[in-house]
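Enquirer: Each chain is listed here by its residues.
2 protein chains.
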Amino acid sequence: MARTQGSHSDITGPRIRAAAQELFARHGYAAVSMRQIAGAVGVQAGALYNYTADKQSLLFDLMQAHMEGLLTAWAAEDLPEDVMGQLERFVRFHIRYNLERPDAVFIAYMELRNLTDENFARIEERRRTYEDQLEGILKAGVTQGLFQVPDTKIAALAVIAMLNGVLTWYRDGGRLSLVEVETLYWDMVRKSVGV
Amino acid sequence: MARTQGSHSDITGPRIRAAAQELFARHGYAAVSMRQIAGAVGVQAGALYNYTADKQSLLFDLMQAHMEGLLTAWAAEDLPEDVMGQLERFVRFHIRYNLERPDAVFIAYMELRNLTDENFARIEERRRTYEDQLEGILKAGVTQGLFQVPDTKIAALAVIAMLNGVLTWYRDGGRLSLVEVETLYWDMVRKSVGV
DNA sequence: GTCTATAGGGTGATAGAC
DNA sequence: GTCTATCACCCTATAGAC
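Chains as they are written, first to last, in our numbering: chain A, 987 to 1181; chain B, 987 to 1181.
Hint data in this document are derived by calculation from the structure and do not stem from the laboratory.
It cannot be assumed that every hint is accurate.
Since the list gives no way to pick out one identical chain from another, each pair is judged satisfied if it fits inside one copy or across any two copies.
Said to hold, decoys possible - Pairs of lysine-lysine, DSS-like flavour, derived with a Cα cap of 27 Å: (1) Lys1125 <-> Lys1139; (2) Lys1177 <-> Lys1125; (3) Lys1139 <-> Lys1041.
Could you put the whole structure together from the sequences, leaning on the hints where they help?
Expert: So this is what it looks like as structure tokens:
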């Protein structure tokens, strides 16, 4: 069957999501118009509505896809037996995964208040599930007497906040390589949960 | 001299800044209109322009005032002689000061990309000055052999990012008191810079 | 599937009356 | 100092031609 003129359904959708992700990350969801997104893709604004119900769905789909990707990638990690090794794996995984997709991470943290209540609850549940992965490691370490952590929930939040901070300053080709950054943060995390 | 009817210059200005701060923190700068701010204050939109040149100045003034207040308050702290005591003071000061004005802190971290280039540079300089306060303590501790910190710049950023994380979950009247939170974080920071 | 055109309603900022 | 009215423009989302 011959292609209809101007028909690009298989590539326009991904290009819209890519353009929206970059623009939302740079300027913020509320500051970006559907016309800007369309312009970045090279179509008219009306064409966007063949791929998304509305602007809110575009934001939610990006955040949802990011959280699912994060959880799936962590679940696919082949973890070592020892808890200390698991914690190191988490630290390195988190830094590396987030630095590889800074726009998606930025949106996931900055645009929560632009979600509808229902969408917010769904993203929040995914985020909590991720935090629980780290807290589980900390709890196991406490049980085994390896870690000295008075409050595993707060410690998990503190570690993730610290690791997320990398995104605000890391630049490719900067003073430190990715592995050096991982190692610096792993050193701080390891000591912060120790005796 | 008798008051002109409807003249409230001495109180309307602060009320506009307070309303803008709350609305910017809750919904984001780009999502809040001058009409919304005026409505919260109880005036018409045109009246706002007796107090601010434009919307951008309103945002910048809030951020600038916050950064100056933060630096001034830290400078006023009566620091102990020992470096370990100084680090503890910084941790407790940062958590307490920020939790007392969550809206201002939220704006200072979330709305940087809505500043003009010139305004961004001025805020960024203030932020860097604050980070330098912490890095100075870490450097002194390394010199004295009290701290084991391979990279004081990264460590300062990591500690501040960790402490800022408190803002995302702390609620008045929650499971932990302010002092308990301070102590939990101080425990983690102390260990993370130790040997 | 994309286009043009448009509905219906916002936006920041200003002018001039009081 | 605040008001009302307005300018010039932008917004999301939809309808119907091609």
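Enquirer: If you test the structure against every hint from before, which numbers come out violated?
Expert: Checked against the structure, the only hint that fails is number 3, while the rest are satisfied.
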